[in-house]
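*Asks:* Sequence:
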Amino acid sequence: MANRVLKHKWRAANEADEAEAENGSSLNLSSDPSSGTSIRNNNNNVFSRSLRGYSSKHVSFKDAVDDPRSDLNAFLDTSKPIGSNMSMFLPLTLEPIPLQRERIIMLAEAYAIYGSLFINAVFFIWEYGSDKQFESIMLEQAFEGVIAIAMFSTIFTALAGGSLWLFCILNSASRKDWVYGLRHWLAYMQVLQLVVYFSTGVSFFLGMYNRFNSISRIQSIVLMSILGLAALAIGKVVSGFLANHMPLEGFHFPFLQKTLLLYPVGIGGKTLKQRATKQAEGLKERLESEKVSSKQAQAHQDELIDLLNTAAAALGRSNVDTKPYVAKLQKDWYDTVESLNDLDVDILSKYMPRRLAQSVVTLLQKDKDGTE
Numbered sequence: 050m051a052n053r054v055l056k057h058k059w060r061a062a063n064e065a066d067e068a069e070a071e072n073g074s075s076l077n078l079s080s081d082p083s084s085g086t087s088i089r090n091n092n093n094n095v096f097s098r099s100l101r102g103y104s105s106k107h108v109s110f111k112d113a114v115d116d117p118r119s120d121l122n123a124f125l126d127t128s129k130p131i132g133s134n135m136s137m138f139l140p141l142t143l144e145p146i147p148l149q150r151e152r153i154i155m156l157a158e159a160y161a162i163y164g165s166l167f168i169n170a171v172f173f174i175w176e177y178g179s180d181k182q183f184e185s186i187m188l189e190q191a192f193e194g195v196i197a198i199a200m201f202s203t204i205f206t207a208l209a210g211g212s213l214w215l216f217c218i219l220n221s222a223s224r225k226d227w228v229y230g231l232r233h234w235l236a237y238m239q240v241l242q243l244v245v246y247f248s249t250g251v252s253f254f255l256g257m258y259n260r261f262n263s264i265s266r267i268q269s270i271v272l273m274s275i276l277g278l279a280a281l282a283i284g285k286v287v288s289g290f291l292a293n294h295m296p297l298e299g300f301h302f303p304f305l306q307k308t309l310l311l312y313p314v315g316i317g318g319k320t321l322k323q324r325a326t327k328q329a330e331g332l333k334e335r336l337e338s339e340k341v342s343s344k345q346a347q348a349h350q351d352e353l354i355d356l357l358n359t360a361a362a363a364l365g366r367s368n369v370d371t372k373p374y375v376a377k378l379q380k381d382w383y384d385t386v387e388s389l390n391d392l393d394v395d396i397l398s399k400y401m402p403r404r405l406a407q408s409v410v411t412l413l414q415k416d417k418d419g420t421e
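Counting in my numbering, the sequence shown runs from 50 upward without gaps.
Watch out, some of these pointers could steer you wrong.
Claimed, not checked - Below, a list of computed lysine-lysine pairs in the PhoX-like style, where the Cα atoms sit at most 20 Å apart:
| # | residue 1 | residue 2 |
| --- | --- | --- |
| 1 | 415 | 129 |
| 2 | 225 | 111 |
| 3 | 344 | 225 |
| 4 | 322 | 129 |
Because the hints were derived from the structure by calculation, they are not lab data.
Based on the sequences and whatever the hints tell you, model everything.
*Replies:* Below is the structure:
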């Protein structure tokens, strides 16, 4: 199935690429990112174009799983970092659907509240820094420019987060691929958040310099040194956390491996890659297991539907939709034909019309007698 999908989607690729795709598995961790020459320049999304040689155009999660060149499989491939902000959110798409729906609403809410509240902090920094006259017009222009960037990014974080919150409340429960489809939006939110961090830090630095430089240059230098050390400490903590507790996300996150060189945390690039590979293997095994379980569940569901359709046809009701009755049975864990063998008409009639229950029991008894 995966090979047929690949042939259909990548018909324009050269013969070498098609041969590689046909030989690849649905989750090809050993695929070489450099082989995707035919699509390397087709991804123009500003937030994911660093996905070297991979496509991020998929809408369906299933299509992404079946395609070795998708951004999802690129994330599970640790041969080379993809360098994308999406790396922080792709693991969420591998979680169970109910958990995805719950967390995406919480995440959108957090972005909206964070942006709304942080606007006050940016305004405070602007008042704090501009309280005294700047010693140079260039410094004042730099301060005002960075403050404008901070306000813009913070306001847009609130707006985009609030919109995402509303859309998730309305759609997350009814759309199976909702979280995977939001990966570009979430990457945009991550970019805004990084801009807020950077612009806020720089504006606060310039504001403190302006206030204290007019009082005492020595005092100003000491305070700026403390701020610099605090920034280095935060960088070390964040880099260490990503490297040790989120290695796969950190491996693919832009600039992390370079950051680890600036902020040594007792873990080198090689060890980070090893940790990322181990995490990717675990995700791959879980996803493969879920795919097998999903196929088995679908097969059992189809058997139940066939049984109820046959029973309804025996009553002259071949046009009846029996799926709602199957859903009721599955809710109480009667999810296979074998699980119905010991049920009588009285119990089955709680899940379907009584005449249909009688017909189902008759069919099951005939099958049982035929087996014996």
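*Asks:* Taking the hints in turn, state whether each one holds.
*Replies:* Outcome of the hint check:
1. 415 - 129: At roughly 59 Å apart (the allowed maximum being 20 Å), residue 129 and residue 415 break the hint.
2. 225 - 111: holds, 10 Å
3. 344 - 225: Given pair residue 344, residue 225 holds - Cα atoms ~16 Å apart, limit 20 Å.
4. 322 - 129: Given that 20 Å is the threshold and the Cα spacing comes to 9 Å, the pair holds.
Hint compliance for this structure: hint 1 is the single one not met.
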